[in-house]
Structures are given as C-alpha cells and as structure tokens.
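> These protein sequence lines map, in sequence, to chains R and U. The first sequence maps to residues 1 to 113 in the numbering used here. The second sequence maps to residues 1 to 113 in the numbering used here.
Among the hints, a few may not be true.
It does not matter which identical chain is used: a pair holds within one copy or between any two.
In silico SDA-like pairs for lysine to any residue, Cα to Cα no more than 25 Å straight-line [unchecked claim]: (1) 46 with 80; (2) 101 with 60; (3) 89 with 31; (4) 58 with 1; (5) 89 with 39; (6) 58 with 104; (7) 21 with 8; (8) 58 with 105; (9) 21 with 100; (10) 84 with 68; (11) 101 with 61; (12) 58 with 6.
What the hints contain is simulated information worked out from the structure, not anything from laboratory work.
Number of protein chains: 2
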Amino acid sequence: MPANRRSPCPVACTLDIFGDKWTLLVKRDMLLGRTQFTEFSDSPEKIATNILSDRLSKLVEHGLAERHRSDESAGRVSYTLTSKGKSLKPVLRAVANWGLKNFEGTEARLTPK
Amino acid sequence: MPANRRSPCPVACTLDIFGDKWTLLVKRDMLLGRTQFTEFSDSPEKIATNILSDRLSKLVEHGLAERHRSDESAGRVSYTLTSKGKSLKPVLRAVANWGLKNFEGTEARLTPK
Chain R
1 MPANRRSPCP VACTLDIFGD KWTLLVKRDM LLGRTQFTEF SDSPEKIATN
51 ILSDRLSKLV EHGLAERHRS DESAGRVSYT LTSKGKSLKP VLRAVANWGL
101 KNFEGTEARL TPK
Chain U
1 MPANRRSPCP VACTLDIFGD KWTLLVKRDM LLGRTQFTEF SDSPEKIATN
51 ILSDRLSKLV EHGLAERHRS DESAGRVSYT LTSKGKSLKP VLRAVANWGL
101 KNFEGTEARL TPK
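Could you build the full structure based on these sequences and the hints that come with them?
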C-alpha cells in the first residue's frame with residue numbers, strides 16, 4: 001500500500017481527495033460547463049479565492065482537471081475536466097439525489113439520471 | 001432558504017454534513033454492521049477518538065444514527081443506523097466504485113451493487 005494511504009479502502013482513498021466542503025462543488029461547476037476562475041468564485045456558495053486556488057491545483061495534480069492558458073489573452077486561464085474528472089459524475093449524482101430527498105427546497109442543476 | 005444553508009444546491013447541503021475525511025468512513029463501518037465506539041476506532045484508518053465522538057454526535061443530531069444505552073452494562077453505548085442513515089448506501093457505493101477504479105490495489109468491503 002502506498003505510504004500516503006490511510007487504508008486499502010476505496011472510500012478512504014477517495015475522501016483523501018474529495019473529503020471537504022468545496023472540492024465537489026468545483027467539480028459540479030465544471031460539469032455544468034464552467035471553465036473560468038471567476039465563474040467558480042461567482043457560484044452562490046461564495047468560495048474564498050485562496051480555497052478555490054488550492055482546490056483547482058489539487059484537481060489538476062490528481063489528473064481530474066486540466067489547466068489551459070490562452071495565448072490571446074495573457075494570464076487568462078481556464079480549466080476543463082479530464083475523462084477521469086468526468087467519471088465523477090455518478091458520485092455527484094448520488095450526492096445530489098440524497099440531498100434532494102433530505103433537504104427541503106433544494107434544487108439540482110445537474111441533469112438527473 | 002434556511003439561514004444555515006450555503007445555497008439551495010443539494011450537493012452543498014449534503015457536503016455540510018459529510019464534507020470531511022471521516023464521516024463517511026463511520027457510516028461505512030455502520031453499514032458493515034459495527035455498532036460500538038471501539039469497533040469504529042479500531043478501523044484501519046485509526047480515527048482519533050475526539051473526532052469519532054464529534055462525528056457520532058453529528059450523525060445522531062442529523063437523524064442518521066441512533067444512540068442506545070444498554071441497561072445491563074452501565075455506560076455501554078451502541079449506535080445503529082436510522083432509515084435515513086441507511087439511505088446513504090448509494091452515495092457510499094458511488095464513492096467506493098470510483099475509488100476502486102482509480103486507486104490501484106483498493107478493496108471494497110461493502111457488497112457491490
């Protein structure tokens with residue numbers, strides 16, 4: 001087992017990447033087609049910019065998102081999902097479905113399965 | 001929208017309960033049939049007892065687990081899942097399935113769907 005793993009449990013390994021209040025919300029925004037830092041920070045949960053920077057770097061580091069720099073607009077950076085990142089959709093769906101059933105008045109923006 | 005919600009998004013509301021590295025692991029252990037504090041703290045991830053106490057209280061507070069005190073053995077407390085708690089199984093399955101695909105050498109102990 002790699003030294004940085006808590007156990008051979010796939011839930012524990014996944015939570016080491018996504019076990020926080022923000023990472024899956026950034027993934028949600030990417031699955032909704034958002035690509036720009038300002039689009040993520042404009043989401044209604046109002047993620048702090050230092051947390052957003054950290055989570056985007058983590059997603060890139062783990063191969064879940066790619067960072068692109070446009071030559072035309074210097075400094076303009078965008079983020080897109082990799083296929084590994086897109087494969088998280090069933091996790092987000094399960095989380096969203098549970099939330100829809102258990103929190104009155106919540107609304108999903110991801111297409112339900 | 002209740003004042004303690006970050007947004008009407010069901011993912012955000014769910015992460016407000018489970019968005020950490022430990023809560024879903026305690027739920028995993030409960031779904032595996034464990035009921036005792038020492039059983040949870042003996043899991044291979046070695047959760048600290050203060051974190052475990054906090055997460056168990058949070059699960060009870062949110063109606064996902066019930067605390068039982070046995071009359072026969074004073075001070076002996078056990079925890080069981082409520083039906084709301086059991087309804088988290090699809091979330092754990094989705095997380096476990098993603099982990100199994102993306103972390104080499106991981107092994108699931110929950111029955112796969």
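> Now tell me, hint by hint, if it's right for this structure.
Hint check results:
1. With identical chains, the CA atoms of residue 46 and residue 80 are at most 25 Å apart within one copy only, with a shortest distance of 20 Å there and 36 Å across copies.
2. When the C-alpha separation of residue 101 and residue 60 is checked against a cutoff of 25 Å, the pair qualifies only between copies, where the shortest distance is 18 Å, while the shortest distance within a copy is 32 Å.
3. When the C-alpha separation of residue 89 and residue 31 is checked against a cutoff of 25 Å, the pair qualifies both within a copy, at 8 Å, and between copies, at 23 Å.
4. Taking the shortest alpha-carbon separations for residue 58 and residue 1, only the intra-copy value of 21 Å comes in at or below 25 Å, while the best inter-copy value is 31 Å.
5. Taking CA atoms no more than 25 Å apart as the test, residue 89 paired with residue 39 passes inside one copy only; the shortest distance there is 20 Å, against 32 Å between copies.
6. Taking CA atoms no more than 25 Å apart as the test, residue 58 paired with residue 104 passes between copies only; the shortest distance there is 19 Å, against 32 Å inside one copy.
7. Proximity of residue 21 to residue 8 under the C-alpha cut-off of 25 Å is found in both arrangements, the shortest distances being 23 Å within a copy and 15 Å between copies.
8. In this homomeric assembly, residue 58 and residue 105 come within 25 Å of each other (Cα to Cα) only across copies, at 22 Å, whereas the closest approach inside a single copy is 32 Å.
9. Proximity of residue 21 and residue 100 under a CA criterion of 25 Å is satisfied in both settings, with 17 Å inside one chain copy and 22 Å between copies.
10. Proximity of residue 84 and residue 68 under a CA criterion of 25 Å is satisfied intra-copy only: 17 Å inside one chain copy versus 42 Å between copies.
11. Taking identical chains as interchangeable, the C-alpha atoms of residue 101 and residue 61 lie at most 25 Å apart only when they sit on different chains, with a minimum of 18 Å there against 33 Å within one chain.
12. For a Cα distance limit of 25 Å, the shortest separation of residue 58 from residue 6 qualifies both inside one copy, at 18 Å, and across copies, at 23 Å.
Of the numbered hints stated above, none is contradicted by the structure.
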